[in-house]
Structures are given as C-alpha cells and as structure tokens.
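Peer 1: Generate coordinates for the entire structure from the input sequences, incorporating the hints supplied.
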Amino acid sequence: MAEKKRIELMVCTGTGCFAGGAYQIIDELKKELELFGLKEEVTVVATGCNGFCGQGPLMVVLPDNIFYGWLETKDIHHLVEEHFLKGRPVKKLMFIPPEQKEPLPLISDIPFFKKQLLIVLRNKGIIDPEKITDYIARDGYLAISKVLSSMNPIDVVNEILKSGLRGRGGAGFPTGRKWQVASQQSKSPKYLIANCDEGDPGAYMDRSVLESDPHSVIEGMTIAGYAIGSTNGFIYVRTEYPLAIKRMRIAIEQAQEYGLLGKNILGTNFNFEIEIREGSGAFVCGEETSLIHSIEGNIPEPRQRPPFPAQEGLWGCPTVINNVETLANVPVIISRGADWFSNIGTETSKGTKIFSLVGKINNTGLIEVPMGITLREVVYEIGGGIPKDKKFKAVQTGGPSGGCIPAELLDSPIDFESLQKAGSMMGSGGMIVMDEDTCVVDVAKFFIQFTNDESCGKCVSCRDGSDALLEVLTRISNGEGMDGDVEFLTELAESVKDASMCGLGQTLPNPVLSTIRYFKEEYEAHIKEKRCPALVCRNLIEYYIDPNKCVGCLLCIKTCPTEAIKGESKHIHIIDQEKCSKCGQCMEVCPPKISAILKITGKDINNMVQLTELISCKEWKKEHEPAHS
Amino acid sequence: MPKLTIDDLKKIRDDSRKELYLREGNYRGKVIVHMGTCGIAAGAREIVNALLDEFDKRKLTDIMFTTSGCAGLCSEEPMITVEIEGAAPVKYRKLTPDKAKRIFNEHIIGGKVITDFVLGVGSERVG
Ligand SMILES: Cc1cc2nc3c(=O)[nH]c(=O)nc-3n(C[C@H](O)[C@H](O)[C@H](O)COP(=O)(O)O)c2cc1C
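Chains as they are written, first to last, in our numbering: chain P, 1 to 629; chain W, 1 to 127.
Certain hints may be false.
Unchecked claim - Negatives, chain W to chain P, calculated, CB over 10 Å:
#1 Ala42
#2 Leu73
#3 Pro89
#4 Lys101
#5 Arg102
#6 Asn105
#7 Phe117
To be verified - Now the in silico label distances, taken between C-beta atoms and shown as ranges:
#8 W:Asp14 with P:Glu275: 31 to 41 Å
#9 W:Pro89 with P:Asn264: 52 to 62 Å
#10 W:Lys59 with P:His77: 29 to 39 Å
#11 W:Leu119 with P:Glu347: 54 to 64 Å
#12 W:Lys59 with P:Asn298: 51 to 61 Å
#13 W:Gly43 with P:Glu275: 52 to 62 Å
As the list claims (entries may be wrong) - Once the Cα atoms are required to be at most 27 Å apart in a straight line, the calculated DSS-like pairs of lysine-lysine come out as:
#14 P:Lys92 with P:Lys114
#15 W:Lys30 with P:Lys5
#16 P:Lys91 with W:Lys30
#17 P:Lys520 with P:Lys421
#18 P:Lys622 with P:Lys599
#19 P:Lys92 with P:Lys388
#20 W:Lys3 with P:Lys263
#21 P:Lys621 with P:Lys599
#22 P:Lys5 with W:Lys18
#23 P:Lys263 with W:Lys10
#24 P:Lys5 with W:Lys94
#25 P:Lys31 with P:Lys92
The set of hints was computed from the structure by calculation and includes no laboratory data.
Predicted model only: the values in this text are computed from it and were never measured.
For glycine and all other residues, C-beta sits at the position ideal for the given N, C-alpha and C.
Peer 2: The structure is reproduced here in structure tokens:
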C-alpha cells in the first residue's frame, strides 16, 4: 500500500457522538477529502469514546493533536479546505473554555484532558476498536504472551495481589484475593464472568471500555481464566448497549481468528472461550449472585452469601466475577508490573478510576483519574466548574447506592475509604454534580424511586422498606411532612440497611442518610416551614406575577398550557394557582428585561399581594408609585 | 489464517505499529509545507506529493509531515520549513518537486542544509 498518509482524523463514535451524528460527519469528511484529492493523505478513523462527551460530535487531528468539537456536516467543507489542504486550523471549531474567549487548539492544553491519567482507557481515541491489529500495535496481547510463556497461574495471582488492584464494580474487593480463592478450589469446571451490567443511572464507564477497547477486556479475561484455571468466560452486557455488544462480538471473532481465543492459545496448551450473554437491564442483575442466576436462565434474584461465587457460583462451580474496568486493568499490570501499578494512587486504593462526570457541570464526560485526586480537582479543573456561575451544592457518587457529598468535603481525596467515610461510596463511578438549584429531598426521592422500582422484592426490608421511605419522602416534598419524619426516616433507613440480604437493599438508604446528614436544615424547611429552599418541590412553590413589573404583554398568557393566567393587554396578568401546573414556561417567556414572574416558596407565598380583579398597568402604577420626594 | 505464536504476534505488532506512527507522536523533527492560497497557486501541492512519495519510499516515521498557512513571503512560494530537533528551523524558497526531493534526502535524512535553496535560518520571535 502506498503510504502517503500524513494526517489521521480520530473521529469519536462512542454512543454519545454516534447519536449526535458522528457517522454523518465521517461520510461528509470522506466526501470532501475525495473532492480535494486528499483521500490518501488524510485518513478517517472511527474511534471509541473520546470522553469529552459534552463537546460531541468531535474529533482529534493527528499528528498535530488539534481538538475539534460540536461538529456539524456544514462545517466540514471549510474544515477540509482550510486545515487539511491549506494547513490552517479552524479556530471556530475549537474548544473554548467556559467564560473565556480564546480557543484552545491542542488537546494537551485542554484542562479536561490534562489532569487525567489513562491506564484503562490508554487506547481510547487512538485505536480503531474494530481492528485487532490496532490493539496489537499498542502492545496488545503481549501480557497474555508473557503470562503463557513465563508465568505459572499462581505467579499471576500473586502479581495481581501485589499490585493492590481492587474491584471497580463497587465494593472494592481485592481482585487478587478473589482469584486466589477460586484458584484454590478443587471443583471444576471453573468460570469467569465480566460484569458489564452497569445499571446505575447516568453511568457509562463500562460501556465505554467495551466500545473503545474491547480487546483489553478479552485479554484481561483470558489472563484471569489462566490464573484461576478456567476455560470458559462470559461477558454479561445489558442489551441496551448495542454498540458495545457489536464491537465485542467483532473483537471476539478477530481474537478467535488470530488464535488468541479458543484452543491452544498462542501455540500453548491453554484454551479459553468467551461468550456474550445479554441481560435485559434490571439493576439487580448487576449484583453477582443475581447475575449468575440470570446466566443460568433463572429468575435474577440474589441469594445469601457465603458461599461466595468464587467457591460456588455458576451452575454450582467456582466462579470469579469481575467488573469490566477491573479486568481491563489486568493486561497493563502484567505488562508493566505490580510495582509500577501500586505506585499510582493512595495507600489503600491503587491505580486509577473512571468516572462519568454529569449533572450541573461545564465539561460533561468520561474521565480517568488517579485515585487520591480531590473532588475539587475533578469538579473545578477537569469539569470546568458549574455552569452559569451557580454555587456547587453536592456531588453524588456511587449512584443509587451512594450518597451526596457536600461542599465542605470538596478537598477530600477520592478513594474507597474516604468516600465511605463521607457516607457515600466509590460505586461503579457515576458522579453527578448538583448546584444550588437542586433540592436534596427531591434527589433522595429520585434515587429511592429508582431502587424501589428495581428491588427484586425478595426481602421484605428492601421491598416494603423502600416503599415506606418513598412514601415519607413524597409526603415531605408535597408539604405534608410532620414533626419526627426525619427521625423516622433515619431509623427506617438503618433497619433497611441491616435487614436486607444483598447490596441493593443494604445500600439503598445511603442517599437518604447522606442528605439528612449534610442537609438536615433543608428537610426541616420542607417539614416545618413548608418551604423548598431550592425551589424545586412543586407543591411548595408558586409562580407569581409581580404587579410592579408586569407590562401586560400577553406573552405568558399565550404560552401557558393550562390556561391558568388571566389578563388583558396592558393589564396586570394574574396566575390562577388552582389551574397552574407549575411548569415554569411563563417564567421562561417573560422578557428578561421585564422579569415579572417569580418563583416563591414558604412564607413568601403568603406575603405577596394577591390580585383578584384585573387592573390596568397604568392604574396600578398611579396607585403604587412610590411618592417622589 | 494459521494460529499465531508469540513470535508472530510480535511481528504483527511491529508491522502494525508503523501504521499507527502518526498517533504515537515520537518525532525528531518536522517538515512544514506552506499552503496559503499563494503557495497553492505557486505549486505547493506538487511539493506535498513529491515529499510524501519520498516519505513512502524511505518509510520514514520519525519526522512529522504537516502543512500550514502562508509564511508571509508570497513571492518566494512554494516554501517549506524544516525543523530538526536541536537545530534552528530552516526555510526553503521557490521550490520545485526535484528541489524538494533533494532537501528531503540531503537535509532531512542526511542532516545537511542545502544553502542554495535557503531563504533564511531561524524563525520570527513570538512576542
Ligand atoms: C444492586 C447491585 C448492582 C450491582 N451492579 C453492578 C454492575 O452493574 N457492575 C458491576 O461490575 N458490579 C455491580 N455490582 C457489584 C457486583 O455484585 C460484584 O461485586 C462485582 O461485579 C465484582 O467485581 P469487582 O470485584 O471487579 O468489583 C452490583 C451490586 C449490587 C448489590
């Protein structure tokens, strides 16, 4: 092949960018490159998730390392001509940091990328996930070569033990310990399962690993299989992840073709097969014993442990179940050594962790950071702070099993122990940032609603306990809270924790407990003053038209979907609270320089002048104009 | 396809790595073709083609090939700048494909500046 290639366009085709039209961008690029006769010099590579999802569809231009975001097909002609033909990077497609004017051309200058450390996502955006040779070019499958040619299974277990790697699926159990237990079982066959159920709302770390670098998971699984003495692996993926499944399927086929899966891997006598199992996306299926039941074709309810799956798992056989991210760490640890790995991170939490950074944050996306980085660095440096200069209120980590961490703990490091001490947990890595407009009662209610829906119903404490928690939270947010509700919630939450069998019930009270711990006064405001300080709970707020500001323009009247606003041109408009559905559209259409519509709560509701009769704006002014002195 | 051995795997790695060199970013220098409107009109595209042919022939992967805009001296186009690590950038003027090939072989590979084609050594200060 004539090697005339001088530029590569790494176009992100992760799920976010895919939905945003990445493949239309690719088609357009190919068309324009052809038009300018650049087809051979400039090639387009479809990569997995780049991580800076808030900027998608996006691409990185190599070797110059220039980052372009928010691409639209109409920009492509200009881009190809200016940058790829004439060599003038196009400023208007570059990333401009919030509140700044000048764009940052180089990916290495963008703070979102600068503070990250890539181990698991080492190949993201650099390889084409559908090409095994791209993975091999980046030293892929060298770790399994090393293992098969120079290590005994027990050496592999010891290396992982020494690295300090802990499970990334939530609980942080030492991976080497789990492998050791399984390797010591005499029963066979043994099984290995990669857990890519990923049920936390807002989390997409594992999906992204499968989408951007599926071979790293295959290699990690094969090494794990060798270490514990298993020849059969399963990847359990939720069926809502079609792209991840497709790429995994392609990767498995390619690995089989190359003899990196199947019989006599790399010419040795080690055999290992991988099958994909699709789950239908219930949160409880991510719990290891439920997941095992699901693969067996049974109802995915958890069971009592011990025995642990490593002793008695799939079809009663010893089974190691690891999270996808955990497994993707394994090849790198083997290649670079346990000592290298254990130098990254903190005393008890080694390596890196991937988080999906979402919510009220400027730079939404997927990040990989060293353990021990502070929440502040993540929120303000990588995340670029809170949009519209709002105040940071809390960050929710660990999804429905985690808790809210308030501003005063922003400087604490991110590691398994610190998060737990703060009443939250690492979980699988969802990170939802909340600003001052977020109501903690509403947040707690949201998560309990989720776990209440997702509870499998086997334990009374989880099933009925989450019902009861939800009922009280709903009452509080409706303005029907009573004295003693907070104490009741706390007590109930503690008993649900104690009495539930699996992690779902044991952790579901965390959002309630952590918000009570850090924001008790906000609960009290709802209960005692019928006030929602963040102006979120619909039953506690009212929209109100300030007669001193309304000019009678009719805009809100025309917009209101429930016809709750009455008035005439140049007369002060009045909201009928009985009819108002609190959708807030009136506030959005009221012109900013008028801003006559207010959202109010608590005492303010009674303190406002309530008009009942229509009155012209002029007349109102005459009566109420403050006397000039 | 026959099953791989560990040696085969390493060979595939070495071969595939060449394909990925643009992404690895290990360069000892770069050559820039100035592609402003003036440069293109004066024949910069042919210079690009000539250089890329040479890159291909030599399988050179440690020099970054890139284009940029007008260098500010339109009457001297087509121009290229050669930047080798540790040396001042050299600008060449009024090139033809043959001259570009000589620069490639004698300067970029051989390390010797061809003074006859040089416009200037060093670059503007960025203030
Ligand atoms: C309700 C519930 C949901 C879970 N969901 C997941 C999940 O989506 N992915 C995952 O890897 N682990 C999940 N876990 C944790 C698994 O039970 C198990 O601990 C984990 O897969 C082990 O892998 P690791 O040791 O590599 O972390 C969940 C646990 C509970 C209780």
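Peer 1: Hint by hint, say whether it matches the structure.
Peer 2: Evaluated hints:
1. Ala42: For Ala42 (chain W), whose nearest Cβ neighbour in chain P is about 13 Å away, the distance exceeds 10 Å, so it holds.
2. Leu73: holds, 16 Å
3. Pro89: holds, 15 Å
4. Lys101: Label holds. Min Cβ-Cβ 15 Å, cutoff 10 Å.
5. Arg102: holds, 20 Å
6. Asn105: holds, 17 Å
7. Phe117: holds, 20 Å
8. W:Asp14 with P:Glu275: 31 to 41 Å: Taking Cβ atoms as reference, Asp14 (chain W) and Glu275 (chain P) lie about 32 Å apart, which means the hint holds.
9. W:Pro89 with P:Asn264: 52 to 62 Å: Distance hint for Pro89 (chain W), Asn264 (chain P) holds at roughly 54 Å.
10. W:Lys59 with P:His77: 29 to 39 Å: holds, 33 Å
11. W:Leu119 with P:Glu347: 54 to 64 Å: holds, 59 Å
12. W:Lys59 with P:Asn298: 51 to 61 Å: Once the Cβ atoms are compared, 58 Å apart, the range 51 to 61 Å for Asn298 (chain P) and Lys59 (chain W) holds.
13. W:Gly43 with P:Glu275: 52 to 62 Å: Check passed, 59 Å falls within 52 to 62 Å.
14. P:Lys92 with P:Lys114: Given that 27 Å is the threshold and the Cα spacing comes to 21 Å, the pair holds.
15. W:Lys30 with P:Lys5: holds, 15 Å
16. P:Lys91 with W:Lys30: holds, 22 Å
17. P:Lys520 with P:Lys421: holds, 18 Å
18. P:Lys622 with P:Lys599: At roughly 26 Å apart (the allowed maximum being 27 Å), Lys599 (chain P) and Lys622 (chain P) satisfy the hint.
19. P:Lys92 with P:Lys388: holds, 22 Å
20. W:Lys3 with P:Lys263: holds, 10 Å
21. P:Lys621 with P:Lys599: Holds. Lys621 (chain P) to Lys599 (chain P) sits at ~22 Å (cutoff 27 Å).
22. P:Lys5 with W:Lys18: holds, 11 Å
23. P:Lys263 with W:Lys10: The given pair, whose Cα atoms are some 20 Å apart, holds under the 27 Å limit.
24. P:Lys5 with W:Lys94: OK: Lys5 (chain P) and Lys94 (chain W) at ~25 Å, within 27 Å.
25. P:Lys31 with P:Lys92: Holds, at about 22 Å.
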